[in-house]
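So the protein sequences, as listed, match chains U and E. Using the working numbering, you'd call the opening residue of the first sequence number 7 and step up by one each time. Using the working numbering, you'd call the opening residue of the second sequence number 102 and step up by one each time.
In case anyone wonders, no lab produced these hints; they're calculated from the structure. Honestly, I wouldn't trust all of these hints.
As the list claims (entries may be wrong) - Which stretches of chain E does chain U cover? Using the computed rule of at least three CB atoms under 8 Å from a CB of chain U, they are:
(1) 164–175
(2) 385–393
(3) 421–431
(4) 461–474
What the hints assert, rightly or not - To be clear about the criterion: a stretch of chain U counts as covered by chain E if any three or more of its residues have a C-beta under 8 Å from a C-beta of chain E, and this derived list gives those stretches:
(5) 48–62
(6) 331–338
Said to hold, decoys possible - Among the chain U residues that face chain E by a calculated CB cut under 10 Å, a handful are:
(7) S18
(8) I24
(9) G25
(10) L38
(11) I42
(12) R167
(13) D189
(14) T190
(15) D191
(16) L193
(17) Q194
(18) L196
(19) H228
(20) V364
(21) L518
(22) M552
We put the beta carbon where it would ideally sit given N, CA and C, even for glycine.
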Amino acid sequence: MSLLSPIKDHHSERRLFIGRAILASIVSLVLLGTVIARLVQLQVFDHELFAEKSQGNRIRIQAVPPIRGLVFDRKGRVIAENLPAYQLELIPEQVDDIDDTLARLAGIELIDAADIPRYKELSLRGQRFKPVTLKLRLTDEEIANFAIQRPRFPGVDFQPRLVRHYPDGELVAHAVGYVGALDTDDLQRLDKTRYAGTSHTGKTGVENSFESDLHGDAGYRHVITNARGRQVPASSSDVLESLPIDQAPGPGSNVYLSLDLDLQRVASNALEGRRGAVVAIDPTTGEILALVSAPSFDPNLFAVGMTSEQFGELQNNPDRPLFNRAVRGAYPPGSTIKPMLSLAALETGATNLTRKSVCIGYFQLPNDEHRYRDWKPEGHGPVDLHDAIAQSCDVYFYEISGDLGIDNMHDYLTRFGLGRQTGVDIVGERPGLVPSREWKRNNFRDRDDKRWYHGETVIASIGQGFMLATPLQLASAAAVLGSKGVRYTPHIVAAIEDPLSGERRMTMPERLPDVEISNEFYWDNVLEGMHSVMQGPRGTARAVGMGAPYQMAGKSGTAQVISIAQDEEYDEEEIEERQRDHALFISFAPFAAPRIAVAVIVENGSSGSSVAAPIAKAVMDEYLGYGASNATQ
Amino acid sequence: MRLSETQRFLAPKSGPTNFGRIIANLNIDGPLLGGLLLICVFGLFVLYSAVGESNRLLMNQIARLGIALVAMVVVAQLPPGFLRRWTPWGYVAGLILLVLVLFFGEVGQGARRWLDFGVRFQPSEAMKLAVPMMTAWYLHDRQMPPKIGQLLIIAILIAVPTVLIAKQPDLGTSLLIAASGVIVIVLAGMSFRLILGLGVLAIPGALVLWNFMQDYQKQRVLTLLDPDSDPLGAGYNIIQSKIAIGSGGLFGKGWTNGSQAQLEFLPERHTDFIFAVLGEEFGLFGVLGLLALYMFVIGRGLYIATQAHDTYSRLLAGSISLTFLVYVFVNTAMVTGLVPVVGVPLPLVSFGGTSMVTLLAGFGILMSIHSHRKLLPH
């Protein structure tokens with residue numbers, strides 16, 4: 007090869023190379039000079055801009071959740087508070103062997119072995135530095151137990167937090183409701199800024215309907231974080247001093263309920279062991295004084311969090327403790343509507359104060375074999391309106407039902423607030439149902455079903471058939487009766503208090519259009535009939551009202567349980583028990599100037615006057631100062 | 102004059118101290134070694150901070166540095182003539198390995214770059230030395246400056262491995278390898294008219310190349326032009342590294358105190374973007390210090406090239422030195438947002454073993470060229 011090439015001139019070649027090397031050096035210097043110029047630009051001229059950016063990079067705003075407002079009863083006793091509790095947390099990235107750690111935690115009985123797969127999934131799913139809550143509320147014993155063993159569990163620790171606590175949980179569960187952990191729906195619905203950092207929200211009752219007052223406003227603080235948003239401890243104090251000023255959270259407002267815990271307790275005790283509801287209202291304001299649905303549950307379970315097993319037990323309990331019978335239970339009102347229908351009949355001329363029926367124990371429509379029975383098989387004999395109310399004569403009302411007509415019934419019952427939501431400040435209220443021709447036309451498909459039959463008017467006159475009312479509606483109606491037509495929207499929140507200034511915003515009673523009856527005597531006569539129910543010689547509930555130190559009025563009701571649900575299984579005794587009629591009672595006292603109106607429903611209680619009436623009386627006794635607790639004082 | 106190996110070993114060539122004697126007898130170039138070691142030690146400090154003060158990763162890097170230094174010393178013992186004779190075989194073997202990679206290579210990070218013969222290695226790393234060696238070998242016996250026909254052959258010698266590596270795909274490495282070959286022919290005296298002509302041709306060439314580029318490579322170019330268009334995606338690296346460097350200012354935030362690096366805003370902070378950690382924690386002065394060390398090493402390499410006694414040694418030494426400069430430039434320009442992110446590590450500082458071995462082996466060749474020059478015929 008070298009023979010074919012020209013002779014190499016090493017000296018010229020070296021000179022050529024040196025020339026090129028010098029040139030390359032110059033190019034090199036230019037290139038590096040460009041980089042250096044760029045560095046000067048970034049590090050000298052734009053330094054402040056980038057310094058600011060790097061500061062902004064690492065300072066994150068972290069939400070500080072507000073402290074939830076407290077709930078008090080009308081006498082300032084605590085119904086819902088926030089207690090510090092310790093929760094057990096696991097930080098996935100600090101745990102070497104997640105299976106082993108969870109297994110050992112189960113071994114010292116801090117967590118349930120059955121929950122291990124769930125916690126493992128949670129640990130693997132989220133961001134590795136975000137703590138996973140293993141247990142929401144540790145007992146003192148568990149804290150002590152874990153504190154000793156903490157060195158064995160790197161990455162697991164307990165953290166303080168505030169937990170909602172209901173000191174009289176079961177007593178107020180259906181009235182005040184409960185808070186529960188935020189779920190996906192909540193996250194979509196709620197304002198993200200306000201709820202940043204919040205873990206729980208009101209799910210039912212006042213906790214839910216006054217959520218916006220109770221919650222408060224989130225504050226924020228500045229923390230130093232890394233690129234993945236994980237908070238890192240500030241290394242020096244000057245860094246902390248350079249942080250912008252934090253915003254403290256605005257605590258939630260305190261809520262004062264019109265509820266009276268003593269009255270609540272009396273009502274609750276009176277319902278003990280039964281399924282039913284008691285609602286007591288102040289007729290002069292519409293304030294709810296007691297609201298009990300039995301059986302109840304412990305709302306603290308929701309605030310602290312329960313196992314799915316516990317929740318299943320609550321949900322599948324045949325007595326349905328989670329069901330708020332007071333506002334969501336719709337029952338046939340039975341004879342409790344008779345006073346209202348009496349007023350309607352007087353006002354429309356379907357009857358008058360002197361008209362008498364001879365009750366023979368049943369009623370028949372013309373050209374119809376069917377016997378509409380009175381509750382008293384042998385009949386009440388001759389009765390006028392007053393007697394018909396006092397003795398709850400069904401035949402009297404059967405007879406006037408034709409003249410009164412279903413549409414007048416619907417009209418007047420609606421004026422008393424039945425058949426539509428009362429507008430109470432508790433969510434989930436049911437409207438009940440007051441049927442009418444129009445309703446039937448709109449809600450049935452078959453032509454025959456769309457028609458209104460005369461027989462349906464007959465049974466509607468004693469509150470049976472399609473008619474449904476909630477205990478709250480009946481209590482409200484009793485209040486309207488007691489105050490001779492003055493209506494207020496029932497409400498349970500009496501005042502809202504700013505926790506910082508102590509300033510209270512009272513709930514103004516919302517007065518609705520009065521139930522207008524043209525003749526004052528009509529009122530007197532009907533209410534006198536109700537008075538006789540309890541304190542007249544032949545009243546259905548005279549056994550309850552006799553000898554009481556104050557005057558009261560009431561009306562019993564009995565609602566037929568048409569059928570039991572087919573998919574439920576009970577033993578024979580149980581079936582019998584659950585086929586019994588519901589017992590209802592409405593009442594108010596003192597008779598002359600009512601201060602309290604009560605509605606009671608006892609499911610399968612058989613008799614309104616002997617089962618439900620004593621419960622109503624106990625509540626009124628307590629409120630008017632004749633109760634057992636007052637006697638001992 | 103010729104000295105026997107024994108005489109050469111016994112007779113001190115330079116340096117009054119024992120240390121100087123020993124390294125001279127090991128064919129080690131003192132100034133070059135000093136410069137390289139300073140870069141490596143400085144690099145280890147930066148790396149220690151960049152890996153979050155992890156001793157494990159630091160020890161890993163020190164071990165690799167040790168292996169690389171051994172490789173450098175071993176290579177320094179091989180006379181240039183020996184290297185030259187084996188160059189074509191090495192080049193062909195490298196090409197075969199590159200082809201094997203395309204078919205049997207292991208996939209990592211979306212690219213097929215590694216071969217596993219018990220030890221995992223990247224054949225493309227070996228080509229970083231094999232391509233300039235082959236180019237220099239081809240020109241060794243020929244009259245300088247090279248003629249057009251010879252340049253065409255050289256173009257093929259360079260293009261084949263470049264394309265094979267670009268197909269892995271490893272755009273950064275393939276461009277660096279092409280550069281190392283091109284540098285050889287520029288140093289060999291290729292005429293400026295040709296260079297200029299090729300430069301003009303490069304424009305349509307670039308357009309063709311654009312069409313052959315992978316989407317992620319196109320994205321990198323587009324992102325360079327406007328990093329803010331994709332601040333959380335492709336532009337994130339550049340934005341964060343500019344913030345890191347810029348916020349470092351003149352004196353830096355102090356060692357292990359860089360918030361961008363320590364709080365993990367800076368991606369790839371111990372590999373390709375380690376220069377940003379240096380800029381953030383040591384400031385402009387720290388950066389200039391490192392660049393000065395690089396300049397010293399490159400300058401020493403070019404000096405060694407000018408002192409070389411034959412064409413092969415001269416061209417190879419020049420190419421190795423200037424390719425090193427290209428590494429430094431591409432990495433620092435990329436981290437400061439001057440050129441697209443092409444995935445070139447900062448030589449001798451970025452975490453990673455193979456490239457360090459290749460680099461120090463290359464400097465071993467420089468040392469060999471320098472210390473063996475008197476033994477070669479003029």
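Taking the hints in turn, this is what the structure says about them:
Residues of the segment 164–175 of chain E with a Cβ under 8 Å from some Cβ of chain U number 0, which does not satisfy the need for three, so the listed coverage is violated. Residues of the segment 385–393 of chain E with a Cβ under 8 Å from some Cβ of chain U number 4, which satisfies the need for three, so the listed coverage holds. Coverage of a stretch by a chain is defined here by at least three residues with a beta carbon nearer than 8 Å to that chain's beta carbons; for the segment 421–431 of chain E and chain U the count is 4, and the condition holds. Against chain U, the segment 461–474 of chain E contributes 0 residues with a C-beta closer than 8 Å to a partner C-beta. That does not satisfy the three-residue criterion, and the hint is violated.
Coverage of the segment 48–62 of chain U by chain E holds [criterion: at least 3 residues with CB-CB distance below 8 Å; count 11]. Remark: the segment 331–338 of chain U is not confirmed as covered by chain E, as 0 of its residues place a Cβ nearer than 8 Å to a Cβ of that chain, below the required three. A least Cβ separation of about 8 Å between S18/U and chain E falls short of the 10 Å threshold, and the interface hint therefore holds. Interface hint at I24/U: satisfied, since its Cβ lies 5 Å from the closest Cβ of chain E, which is below the 10 Å cut-off.
Here the hint on G25/U is kept, as its CB sits about 8 Å from the closest CB of chain E, short of 10 Å. At its closest, the beta carbon of L38/U sits 6 Å from a beta carbon of chain E; the interface hint therefore holds under the 10 Å criterion. Using the Cβ-Cβ criterion of 10 Å, the hint placing I42/U at the interface with chain E is satisfied: the shortest such distance is roughly 7 Å. The closest approach between the C-beta of R167/U and any C-beta of chain E is roughly 27 Å, which is over the 10 Å cut-off, so the hint fails.
For the restraint placing D189/U at the interface with chain E, the shortest Cβ-Cβ distance is roughly 29 Å, beyond the 10 Å limit, so the hint is violated. About 25 Å separates the beta-carbon of T190/U from the nearest beta-carbon of chain E, more than 10 Å, and the hint is not met. Annotation: D191/U was flagged as interfacial toward chain E, and the flag is violated, the nearest CB pair being 29 Å apart, outside 10 Å. The beta carbon of L193/U comes no nearer than 23 Å to any beta carbon in chain E, farther than 10 Å, and the hint placing it at the interface is violated.
At a threshold of 10 Å, the smallest CB-CB gap from Q194/U to chain E is about 24 Å, leaving the interface hint violated. For the restraint placing L196/U at the interface with chain E, the shortest Cβ-Cβ distance is roughly 27 Å, beyond the 10 Å limit, so the hint is violated. The beta carbon of H228/U comes no nearer than 14 Å to any beta carbon in chain E, farther than 10 Å, and the hint placing it at the interface is violated. Interface hint status for V364/U: violated, as the beta-carbon distance to the closest one in chain E is roughly 89 Å, over 10 Å.
Taking 10 Å as the C-beta cut-off, the interface hint given for L518/U is violated, the closest approach to chain E being about 57 Å. Hint on M552/U is violated. Least Cβ distance to chain E is approximately 81 Å, over the 10 Å limit.
In summary, the numbered hints that this structure violates are 1, 4, 6, 12, 13, 14, 15, 16, 17, 18, 19, 20, 21 and 22.
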